[in-house]
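Assembly of the complex is requested from the two constituent chains, each provided in isolation within its own frame, with the hints serving as guidance.
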Amino acid sequence: MPQARDRTSDQELLSRARAGDAEAFRVIFHREAPAVRRFLGDLLRDDSAADEGTQETFVRAHQRLGTLQQAEKLQSWLFGIARMVFFEHLRRKRRDAVPQDSGDPVEIDRAPGPEEVLLASEADQVLDGALATLSQERRAALVLRLDHGLGYPEIAETMGWSLQKVKNEIHRARLQLRQRLQAYLEGAA
Amino acid sequence: MSGHVPLEEMEALALGELEPAPAKEIEAHAGSCAACARELALIRAEQGLFARRSQPSIDALWPGVAARIAREPRIHRPHWARRIALAAAGAAAAAALLFALRPAAVRAPLAQEAAASESKRAIADALATLDRAEADYRRAAVVLESEYAAARKNLDPELARRCDETLARARSNLGDARTLAAQDVNARLRVLEGYAGYLRSLRSVVEQSQEANP
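So the protein lines, in turn, are chains A and B.
If you count by this note's numbering, then the first sequence holds residues 55 to 243, one letter each, in order.
If you count by this note's numbering, then the second sequence holds residues 2 to 215, one letter each, in order.
Because the hints were derived from the structure by calculation, they are not lab data.
Don't be surprised by glycine CBs; every beta carbon is placed ideally from N, CA and C.
Accuracy of the hints is not assured; some may be wrong.
Said to hold, decoys possible - Cβ pair distances, simulated, as ranges: (1) VAL81(A) / ALA197(B): 30 to 40 Å; (2) ASP185(B) / PRO88(A): 45 to 55 Å; (3) LYS121(B) / ARG118(A): 43 to 53 Å.
If we strip away everything but chain B, and leave its shape as in the complex, we get (with noise of 0.2 Å):
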């Protein structure tokens, strides 16, 4: 090992996460090297106190959290969510047809001309079926954030901030995709991904907001 052991790597051995191998390096290494040796026995001894605080007692918490629970109405699933699972089936669904499709769309043709005619109505079929699918997951978003719009007023401003810096993120990434996909059918395939992590994003936003203001 050349140069001192990177910190997370030693808080990992001091936790007991590494492997025997990489441990055993790092003992080794920190055995002939002074720097080391006094960074790995600091983070043991942080670590030995947080090891040694003492444990709350939780067991006059579970009657109150039990009370709680057979009180709770029927858990219903929030109207977004019924919502999103139609759009989402919906895109899934086209999704699946176009992987059906997609093999016929991108196979190399034999040099047939009948060949080259089914491959082009195949891809048409394709980008057809992209463009329903991609509508569905739009339609999903749409949902969603119209349910974030409405709680974010609520929210704490710097968890409001950072939600809109996520979605932010992932809204340019994806117009960022879309653009450069154009009419090629894979890369529209990695834009319908590209939409599925958006929507994840906008869920857990919404999650968050509702967490946020029960």
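This is chain A alone, in the form it adopts within the complex (with noise of 0.2 Å):
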């Protein structure tokens, strides 16, 4: 369930961390690094990649912090970076010829070792295979509703989509979910 945000606080770090003040600036990573990581890891599905691309999103925002008006778009805007982090991600995985994920559905089973039964949790294990049946774009909308609540006009904005778009591929995204999860949905309904 997302959380209420204390904005008038954005708004007055974010003037801090403009100013320069590193303080400032690692309140913010505290609060906001979780979401990015969980949205890059969603993305990704590579828990070293997801580490670095969360990296990689902060030191950008750092240097691009002046170009963000509006403190109430601090988490869509840091979510903007880490898509186009992914995509780099990605570009540089083409180019180095390593097996990707081409961005279309693909059936993954893949079966959680010893180590990962002890400390995932349900819903993480009920979750990822469902997941990674979506293609990229469809998973990073739907994470971004149902696991960052972020609003549909707000999602646009992120993945550079018009408003019946978003609307369009979350509903099909969640076609999809319930597919994959529709015995375990029906169990907890």
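Here it is as structure tokens:
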């Protein structure tokens, strides 16, 4: 469930960070990085790449703080940067000719290792395989809505899509997700 | 409430985004509509799954970010940003002057010849000011268009396609508005707003291009 955010505090922190206050930026990082890391984890499906992508996102955000005018858009602005970092990661992988996620829906039946079984929550395990069946863009839109609580207009801005496309993609993503999770959701509902 | 509740409203309810009154109304409807009750339960089950996911630890990531930030050279505004700032300042000044002139330009003359003549002169001044403001915006657009053209060839094709579409849409809207405006002061003012929107679109695609090609 998305939590209410202290926008006044966001504004104050941003002003201080823009003025060069490193502590203010550290607070912003600790507040926002978990969501950015989870978003990149969902897109990249690689913990190490998601960690690196999160760092890269915040380094770029720091360089570009002056371009963010509205504190209330901080989170969607960060997701937008993270999305660009994700695309670059894909492009690098393509250049290096490493097998990659083509962006097409794939059927992944990844069996969790013993450590994962011990550590991962039931929700992680249930969602992991289901999200992998969605295309990257559709997955991004769905997690921005359901996991990060962004509104449809914010998602449209982050993804560079029309509002209608956001609605369509999230609707289709939900149908795919339900197909995969039918038994679980019916049991939970 | 007649019919079924739209999916997006039920989603907003499950995410805790609705005010108490509409939330209560949807809950009440779901109490008597099996289809909506089922849909709401499914959405809540999905939402519950996402909410229960484990939080990745980010503590180990901050030192790396801090070290890179500390090594950052002094932040320079891109050269185009400075040029845009100058052009935008010119346009803003022109627009401000225009607003100062505008009341005289649009005030209904009180059937006095002197007032009519003054009004005519004021409109001519306003149009000249609008021409200057438009010229400033056009210069700013040329700078950004060349920045985008330089960065575009290295862009991901899908991103480039989306950027092209955004710009084409903005240009088309602007062109239509400019043609319709002719010499109407109020319409020309709206065209200036259109230019500002086009510049924002351009700035956005240039920033995206630069983020994609650091």
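Do the hints match the structure? See the list:
1. Remark: the range hint 30 to 40 Å for VAL81(A) to ALA197(B) is upheld by a beta-carbon distance near 34 Å.
2. Between ASP185(B) and PRO88(A) the C-beta distance comes to about 53 Å, which sits within the given range of 45 to 55 Å.
3. A hinted range of 43 to 53 Å for the beta carbons of LYS121(B) and ARG118(A) is consistent with their spacing of about 48 Å.
Comparing the model with each numbered hint stated earlier shows that all of them hold.
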